[in-house]
Amino acid sequence: MAETLLRFAIGGAVVTLFATLGDVFRPKSFAGLFGAAPSIALATLGLTVVHNGKAYAAIEARSMILGAAAFCVYAALVCWVGMRWKVGALKTTLTLMPVWFAVSFGGWMLLRATL
Amino acid sequence: MISVKPSALKESKPHEYLIRFVFGGLCTAAAGLIAKRFGPAVGGLFLAFPAIFPASASLIESHEMRRKKEAGMDGTRRGRDGAAVDAAGASLGAIGLAGFAAVVWLMLNGSSAVLIIATATAVWCVVSLTLWWARRTLVHVLGRQHRTHTRSANILPKRP
Chain A
1 MAETLLRFAI GGAVVTLFAT LGDVFRPKSF AGLFGAAPSI ALATLGLTVV HNGKAYAAIE
61 ARSMILGAAA FCVYAALVCW VGMRWKVGAL KTTLTLMPVW FAVSFGGWML LRATL
Chain B
1001 MISVKPSALK ESKPHEYLIR FVFGGLCTAA AGLIAKRFGP AVGGLFLAFP AIFPASASLI
1061 ESHEMRRKKE AGMDGTRRGR DGAAVDAAGA SLGAIGLAGF AAVVWLMLNG SSAVLIIATA
1121 TAVWCVVSLT LWWARRTLVH VLGRQHRTHT RSANILPKRP
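The listed protein sequences derive, respectively, from chains A and B. Here the working numbering is used: the first sequence runs in plain steps of one and ends on residue 115. Here the working numbering is used: the second sequence runs in plain steps of one and ends on residue 1160.
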């Protein structure tokens, strides 16, 4: 429980820090880079190494590559839909969220079947 | 070019910072719990979860809309375009995120964790910045070519 609370506090702080950086930079396309900053990973990898060891953290990082690829596809789709159909941002981002799950878990299952 | 606008911090209200903190904290805690329950291979996927992306995109949209409305215009279109441009940047940042993960995966076992995480963060910065700069250059070159073609098409006499 204490570890989860610690992750919550560190994660909240790091994510807020990167989001704030995204607020102050211009142009907006540059500020958008901070939307995909390694905030959760920075908040959690150190704790993972301490509690579970480097090998465990390395396996997490390997899967993170798939999560990042899914994020790239998801964000590109959000951009395309936003430009083409002029739908509200919250509606678009939430409606397309299953794309992240499909690409990341699809990739993970494919990798598991291959290895 | 790239600029810093500290006054933009005043546009965000305290509850907007709180939303980001809570979402970020929840996603980080959830990533840890998922790794514990389903193992590091599944938990690792959530290290690249778009944690606050929906909240950030909608905040950008509302800030842009507010700014335009204060100038007496309907800011709906501007707000949506702003959120879409932000998403374009995030898709490039996500490629950098994959670079971050690859460095940690391949190098963590052999060296100091702090050093490797710092190196991975630097890789994220370099990859994201390079892609952003390349995209910006490409957009400018294509825009210039398009304008040149349009101009020459207007100069040429129309066929009967």
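Treat the hints as calculated values from the structure; they're not laboratory data. A quick note: this is a predicted structure, and the numbers were derived from the prediction, not measured. Honestly, I wouldn't trust all of these hints.
[Claimed, not checked] Reference listing, derived: stretches of chain B covered by chain A, where coverage requires no fewer than 3 residues with Cβ under 8 Å from a Cβ of chain A:
id : segment
1  : 1046 to 1060
2  : 1089 to 1098
3  : 1140 to 1153
Here a beta-carbon is modelled for each residue, glycine too, at the ideal position from N, C-alpha and C.
To see whether the hints hold, each was checked on the structure:
Closer than 8 Å: that is the beta-carbon criterion, and the segment 1046 to 1060 of chain B has 13 residues meeting it against chain A, so the requirement of 3 holds. For the segment 1089 to 1098 of chain B, the stated coverage by chain A is satisfied: 10 residues place a CB nearer than 8 Å to a CB of that chain, which reaches the threshold of 3. Here the segment 1140 to 1153 of chain B counts 0 residues with a CB under 8 Å from a CB of chain A, which misses the bar of 3, and the coverage is violated.
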